[in-house]
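J.: Residues per chain are reported as follows:
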Amino acid sequence: GNSVTQMEGPVTLSEEAFLTINCTYTATGYPSLFWYVQYPGEGLQLLLKATKADDKGSNKGFEATYRKETTSFHLEKGSVQVSDSAVYFCALTPNTNAGKSTFGDGTTLTVKP
Amino acid sequence: GAGVSQSPSNKVTEKGKDVELRCDPISGHTALYWYRQRLGQGLEFLIYFQGNSAPDKSGLPSDRFSAERTGESVSTLTIQRTQQEDSAVYLCASSSDRATNTIYFGEGSWLTVV
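For the protein sequence lines, the chains are A and B, in the order given.
Here our numbering is used: the first residue of the first sequence is 67, the next is one more, and so on.
Here our numbering is used: the first residue of the second sequence is 99, the next is one more, and so on.
Check each hint, because a few of them may be wrong.
The calculated lysine to aspartate or glutamate pairs, modelled on EDC-like cross-linking and capped at a C-alpha distance of 20 Å, are [as the list claims (entries may be wrong)]:
hint, chain 1, residue 1, chain 2, residue 2
1, B, 155, B, 118
2, A, 126, A, 108
3, A, 178, A, 82
4, A, 166, B, 154
5, A, 118, A, 135
6, B, 115, B, 183
7, A, 118, A, 142
8, B, 113, B, 161
9, A, 166, B, 170
10, A, 166, B, 166
11, A, 178, A, 81
12, B, 155, A, 171
13, A, 178, A, 74
14, A, 166, B, 142
15, B, 109, A, 108
16, B, 109, B, 205
17, B, 115, B, 161
18, A, 122, A, 142
19, A, 166, B, 122
20, A, 134, A, 121
21, B, 155, B, 142
Facing chain A, a subset of chain B residues (Cβ under 10 Å, in silico) [unchecked claim]:
hint, residue
22, 135
23, 143
24, 154
25, 191
26, 200
None of these hints come from the bench; they were simulated from the model.
Computed from a predicted model, the values in this text were never measured in an experiment.
Note that beta-carbon positions come from the ideal geometry of N, C-alpha and C, so glycine has one too.
Sequences are here, hints too, so could you generate the full structure?
T.: Written out as structure tokens, the structure reads:
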């Protein structure tokens with residue numbers, strides 16, 4: 067079956083540090099890939115997505131590139147802020163319609179001033 | 099509605115009682131998911147609906163848990179004979195059929211079993 071593996075947390079960084087959260091997946095074909103974010107006390111919301119190989123999703127200074135050759139979708143940000151403290155979830159949806167989405171376990175990021 | 103709506107938002111129940119949690123997905127969304135999230139932990143998949151049928155219910159933790167969906171719309175998650183370990187946030191999410199489409203989450207139902 068499909069699976070998503072995320073870098074284990076928690077991750078603690080100082081403000082303005084560079085962030086990478088690794089995500090690799092197992093799936094047949096070309097799934098769509100997503101990063102969701104859950105801020106403290108809130109629900110999950112889409113951060114960015116990429117729907118085909120070599121696509122780059124970006125939002126709020128975050129980026130992730132769909133790498134078919136390494137089956138990866140690592141999340142990066144050049145300079146994190148305290149407000150980026152949250153839990154980040156990597157996810158995939160199969161390329162067949164009506165396919166079930168699969169989420170990673172989540173990575174908690176804490177950014178200190 | 100504009101988003102995924104869940105009710106109740108908070109529920110405190112006594113151990114051994116039954117509870118029902120409701121989810122109203124975004125209109126027209128055929129896929130519906132239930133997840134459980136314990137405090138400070140990740141998402142635990144419970145069940146997936148496509149229309150009114152559940153092709154994947156592998157995440158339901160025991161036979162005390164059941165879910166149904168009617169009219170390709172509202173879904174109810176029922177927990178019978180609640181236990182303290184059932185205390186968690188229960189999240190509902192929905193999406194349309196297409197693989198590229200975003201999953202939208204509700205705010206969750208916070209369940210506390212005392």
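J.: Hints first: check each against the structure and report whether it holds.
T.: Status of each hint after checking the structure:
1. B:155 / B:118: Holds - the C-alpha atoms of residue 118 (chain B) and residue 155 (chain B) are around 17 Å apart, at most 20 Å.
2. A:126 / A:108: 18 Å, holds
3. A:178 / A:82: With a Cα-Cα distance of about 10 Å, the restraint between residue 178 (chain A) and residue 82 (chain A) holds, given a limit of 20 Å.
4. A:166 / B:154: Given that 20 Å is the threshold and the Cα spacing comes to 8 Å, the pair holds.
5. A:118 / A:135: 12 Å, holds
6. B:115 / B:183: Roughly 13 Å between the alpha carbons, so the hint for residue 115 (chain B) and residue 183 (chain B) holds.
7. A:118 / A:142: 18 Å, holds
8. B:113 / B:161: Since the Cα atoms of residue 113 (chain B) and residue 161 (chain B) sit roughly 16 Å apart, the hinted pair holds (cutoff 20 Å).
9. A:166 / B:170: 16 Å, holds
10. A:166 / B:166: 17 Å, holds
11. A:178 / A:81: The given pair, whose Cα atoms are some 6 Å apart, holds under the 20 Å limit.
12. B:155 / A:171: With a Cα-Cα distance of about 19 Å, the restraint between residue 155 (chain B) and residue 171 (chain A) holds, given a limit of 20 Å.
13. A:178 / A:74: 19 Å, holds
14. A:166 / B:142: 14 Å, holds
15. B:109 / A:108: The hint holds at about 17 Å.
16. B:109 / B:205: With a Cα-Cα distance of about 14 Å, the restraint between residue 109 (chain B) and residue 205 (chain B) holds, given a limit of 20 Å.
17. B:115 / B:161: 15 Å, holds
18. A:122 / A:142: 11 Å, holds
19. A:166 / B:122: 19 Å, holds
20. A:134 / A:121: 10 Å, holds
21. B:155 / B:142: 12 Å, holds
22. 135: Nearest chain A Cβ about 9 Å off; hint holds.
23. 143: 7 Å, holds
24. 154: This interface hint holds because 6 Å falls under the 10 Å limit.
25. 191: 8 Å, holds
26. 200: 5 Å, holds
This entry satisfies every hint, going by the numbered hints stated previously.
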